[in-house]
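Novice: Each chain, letter by letter, is given below.
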Amino acid sequence: MSDKLGIDERLYANETRPAKESHLSIADAEKCLGCAGKQCTVVCPSGTYTWSDEGQRIVISFENCLECGSCRAVCPFGVITWRYPMGGAGICYRYG
Amino acid sequence: MSDFDAIVVGAGPAGVSAAITMVNGGLSVALLERGPYPGAKNLMGGVLYTDILETILPDFRGLGAPLERHVAEKRWSILSPDTSTTVGFRSAKWDEVPNNHSYTVLRARFDKWYAAQAEKLGVELICGVVVDELLADDMGRVIGVRTRVAEGEDPTQGELHAPVVVLSEGANALLAEKEGLRTPLETRDMALSVKEVIKFDEEKILDRFGLEGDQGVAWEFLGDATKGLPGAGFIYTNRDTLSVGVVAYLDELDEAGLSPVELLNRFKDHPAVRPLLRGGELVEYGAHMIPETGFDRKPQVMKDGLLVVGDAAGLVSTSPKHEGSNFAMASGVMAGETVLEARAKGDYTTIGLSGYSRRLGESFVHAKMEQFRDWPKFLRDNPHMLASWPSALAAAGEAMLKVDNGIGGADGIGGAKAPDLESQLLDIFNRKIGLLPFAMTAIQLRGALRAFGWGKTDKVVEYIARNW
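Protein chains in written order, with this note's numbering: chain X, 1 to 96; chain E, 1001 to 1468.
Everything labelled a hint here was simulated from the structure, so no lab data went into it. Built from N, CA and C at the ideal position, the CB exists for glycine as well. Each hint should be verified, as a subset may be incorrect.
What the hints assert, rightly or not - Taking lysine-lysine and the DSS-like style, the derived pairs with C-alpha atoms no more than 30 Å apart in a straight line are:
#1 X:K38 x E:K1120
#2 E:K1268 x E:K1120
#3 X:K20 x E:K1178
#4 X:K31 x E:K1178
#5 X:K38 x E:K1268
#6 X:K38 x E:K1402
To be verified - What the simulated footprint calls covered on chain E by chain X, stretch by stretch (three residues with Cβ under 8 Å from a Cβ of chain X suffice, anywhere in the stretch; the number is not a length):
#7 1259-1269
#8 1276-1290
#9 1383-1389
What the hints assert, rightly or not - Which chain E residues face chain X? A few, computed with CB under 10 Å, are given here:
#10 R1075
#11 A1108
#12 L1379
When you get a sec, could you build the whole thing from the sequences and use the hints?
Specialist: Structure below.
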């Protein structure tokens, strides 16, 4: 079982209320080119960040986000702009 | 013009406790929550210690608090890749109310209920509202909040005003950071928990964990549970679900190049854990950070017109006891009491609000944080505690419990000799731990034992020295 598949299966169990726009962005994508660890792609528990070899950039699947905030802390360049999704939108724990 | 006497940002345990304290003191209170309902964004292991809740709502059980099970037993297991060594403690006393003030809860349910109690007492709960910014007057005093809600449904008109704001925004603490009360999050300070809720028949949970009625178990797993990283795996029994997860520090995950999901998969697949989870249905997957800034790097908790409580204020015990939600409730009460005091004086500056830091400083919250201040450092300085010690324990267990009478040798049954256990154990100790590293850790452990509250380790050592 690949990790990625594992994440998708898990997220499928969750209730998420869709937001119109991303609450996450990368302020300076140039920094990602020189980022050796690409920690956001490893540490994010919901696979929100993936590196696109083709596009040479981080792709953000914001609808996966569990709003834990880890990416903001692990980004070595501090370029992840993080704000809370629109009121009422995003992950919606039924158990918690 | 003020819309309310006080605004609380975030309807978790800290915010609700502050709101109840203030509304009981006669204030009009707005309680803002960014989720569609309180608890929608909240997650913990978890066990709720209800000692503080009981002072806020003495009849919380009668009021239908959604407690899953009382903790009738605590278990700890040390895992190596293919072994587990477990100790447990159970007391029949814990089956009687107040149940050692320990209950498993699911926060989406609990927080929703808790905020509803505040509403019943007169707190104005407004959900679906994000606070992006605090409003300040030209003196820099906080006088309200700027809000963001989905288009066309803004009951707050973008701004709400009050002479004092209680900030209970949780672990991410974006506003506290913006206000300069804390430095940006550091990976060494933040633990990440990933957790699954897995559904079972209630009977299956009772049978599998040796429980009856409302009994529950809180079970923690060390060592290989987190691949030897500081942190733990956990299983908590709820009514008809299990909470299963792992906790590790962000910097350690980063250094090890480990994804939290990989760590969780590993833990769930451990031979001692897998049978406990067999046959359940995953009903939720979540993640949350735990602010473990600890006692020595506490953020600031106030400025003019503003008090910070709960996770946003880093009020978490960095100890093996994992206290946080009860600290949050206590800080909420202390902030609420301080606001009432400030209102009586008509002074919401840091002078008028100084009672908060005084209360916090004199309370069990800071006392416990101080007591355990060295514990995370101890674990970091002694990585073999969670890595090589479990493997030594595994080898020792295997050696001691192995059925080996030396049968099968050339001398037949009569001439069989069991291997010498003592020399085997010594060999395991020397190979896996070593006397010098053990001695160094033991010396440091004295400090850590102090952290456990056994403050008289000097006397213990003296006693042993005299009587050995």
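Novice: Each hint: holds or not?
Specialist: Cross-check of the supplied hints:
1. X:K38 x E:K1120: 48 Å, violated
2. E:K1268 x E:K1120: Status violated; Cα separation ~41 Å.
3. X:K20 x E:K1178: 25 Å, holds
4. X:K31 x E:K1178: 23 Å, holds
5. X:K38 x E:K1268: 26 Å, holds
6. X:K38 x E:K1402: This hinted pair is violated, its Cα atoms lying about 46 Å apart.
7. 1259-1269: holds (count 5)
8. 1276-1290: Holds, because 8 residues of the region 1276-1290 of chain E bring their Cβ atoms closer than 8 Å to Cβ atoms of chain X.
9. 1383-1389: Our answer is that it is violated, as 0 residues pass the Cβ test (under 8 Å) against chain X, missing three.
10. R1075: Where the cut-off is 10 Å and the nearest Cβ of chain X is about 22 Å from E:R1075, the hint is violated.
11. A1108: 3 Å, holds
12. L1379: Violated: closest Cβ of chain X sits about 19 Å from E:L1379, beyond 10 Å.
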